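The whole structure should be built from the sequences, with the hints applied where relevant.
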Amino acid sequence: MLWGHELQLLNLCSESAEQTHQLGVQLGQLFVAGCLVLLEGDLGAGKTCLATGIARGLGVDDATPITSPTYTLLNSYFGRLPLYHFDLYRLADGEELDELGFDEYFHADGVALVEWPERHAELADSGLTIHLGYVGESSRELVITASDLFVTRFSECCVAIKRLTLCP
Amino acid sequence: MLVLAIESSCDETSAAVVRDGRHVLSNVIASQVDIHACYGGVVPELAARKHLEACPVVIDQALNEAQVTLADIDGIAVTSGPGLIGALLVGLSTAKAIAFALDIPLVGVHHIEGHILAPLLEQDVEFPYLALAVSGGHTHLYRVDGIGQYELLGRTLDDAAGEAFDKVAKMSGLTYPGGALIDKLAQQGDSSVFDFPRPMLHRPGFDFSFSGIKTSVLTRIKQLDVPLEGEVLQNLAAGFQEAVVDVLSRKTFKAAKEYNLQRIVVAGGVACNSGLRQRFKKMADSSDIDIYFPSLVLCADNAAMLGVAGDFYLQQGGNADLSLNARSNWPLEQAGLNAQQVCGTVW
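Chains as they are written, first to last, in the working numbering: chain C, 1 to 168; chain S, 1 to 347.
Hint data in this document are derived by calculation from the structure and do not stem from the laboratory. Because the structure is a prediction, the values reported are computed rather than measured. Cβ atoms here follow ideal geometry from the backbone N, Cα and C, with glycine treated the same way. Check each hint, because a few of them may be wrong.
Stated by the list, open to error - To give an idea of the interface, some chain S residues facing chain C are shown, with a C-beta separation under 8 angstroms as derived from the structure: (1) L84; (2) L174; (3) S211.
Below you can see the structure in the form of structure tokens.
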């Protein structure tokens, strides 16, 4: 198997923000400690919506708002597992990621959810990538791919993700 | 009492000398916007490094402009959170070093506390009042019963209003920082051409949500069959700004009425927005509520705004020891005189 090979687990089209949120909830229920989840998609693609669902699925209580980490860079939440929610939009390169010590969170005691991972290509080597694409006003393409390392470490999680379907 | 204030929580390194918590003798801001523009945003480590370079320079300049020396300073006020840890630590370490060397007291002030007390540097505002703190990182409504007495009434559930401005600017092909450009374009546009939703306006409570409006703007941009420039861009900016200002103003006035508060303070970077200022003033004119905005320089991140709470805590005998730490997450309700005794690593 080639290093850096990716396995597509899921390719769906969500018809509403609610469906996207619900898929996030299901994903959140499946993630285990050490999962690195990368969230790709343009501004307005629904990353906040999916991230909120994932947080709820991880057991972060409904009264806790899942706010944008764009300004703060990292927001931490504590549900069934810790959720480390990053936004790398404002970081220039991987060197700065290292200087900030963020890599220490990536395969630790919780789930690391990283928005705007695109400029840090090395993250995809060990992560699960969720790509959100704009289709129409409320519909979004959702593609989930796992790196080899992710598949090896979290095979049960990957099998479960492959079986996910959208809520009606 | 003469207070030296130091702020380094995000983009700006700033130092100020404030007399008796009310009179700004100097307020020096080393703007870093030019450095960040080439990266399309704030680059935190770069920010920390630039703070390190700028800190001694702005302090010297603040002392010179105030025509005082370090020996005249009675106490230090420094932003100890929330913000980027690396950036906060530069100001905090500098403040500790000066306080230790001069053997004078040091107090840590909450960044948002600085913003919502800033109008007191220019005019008398009686407590209690309602404060809307609105910036790139915050959209929060607080009841302010006095210095160090804050109650959270509402907050954004996702993006801050200033962040929505910056991201819509980016979607529209404008450069960083885009919020001010949106305001400029909106002034020339017709806000009735593009109608955007008013998120959370009719929900009970005083929370905000500005994430979904990005999606609405994106949808409109994609539907356009003409290039996004000139009049079209101006109208889009005007429609977007109108939606955000509408939600902010109506919710804030509703909160003032519900909590029976006669005064509203609007502070933070987005309080510079001309459309927002006009709307709040207009709504205040047609009600019995008084509205207070800090002047533009005190809306931006600056050190002088720390002088109000800093002076008060120092007068009350506040003196954080050298274990005072930077806090990246720090709810405003936990700020105050008691926070000066907070020790150890909390971030």
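For each hint, the structure was consulted:
1. L84: holds, 7 angstroms
2. L174: This interface hint is violated because 13 angstroms lies over the 8 angstroms limit.
3. S211: holds, 4 angstroms
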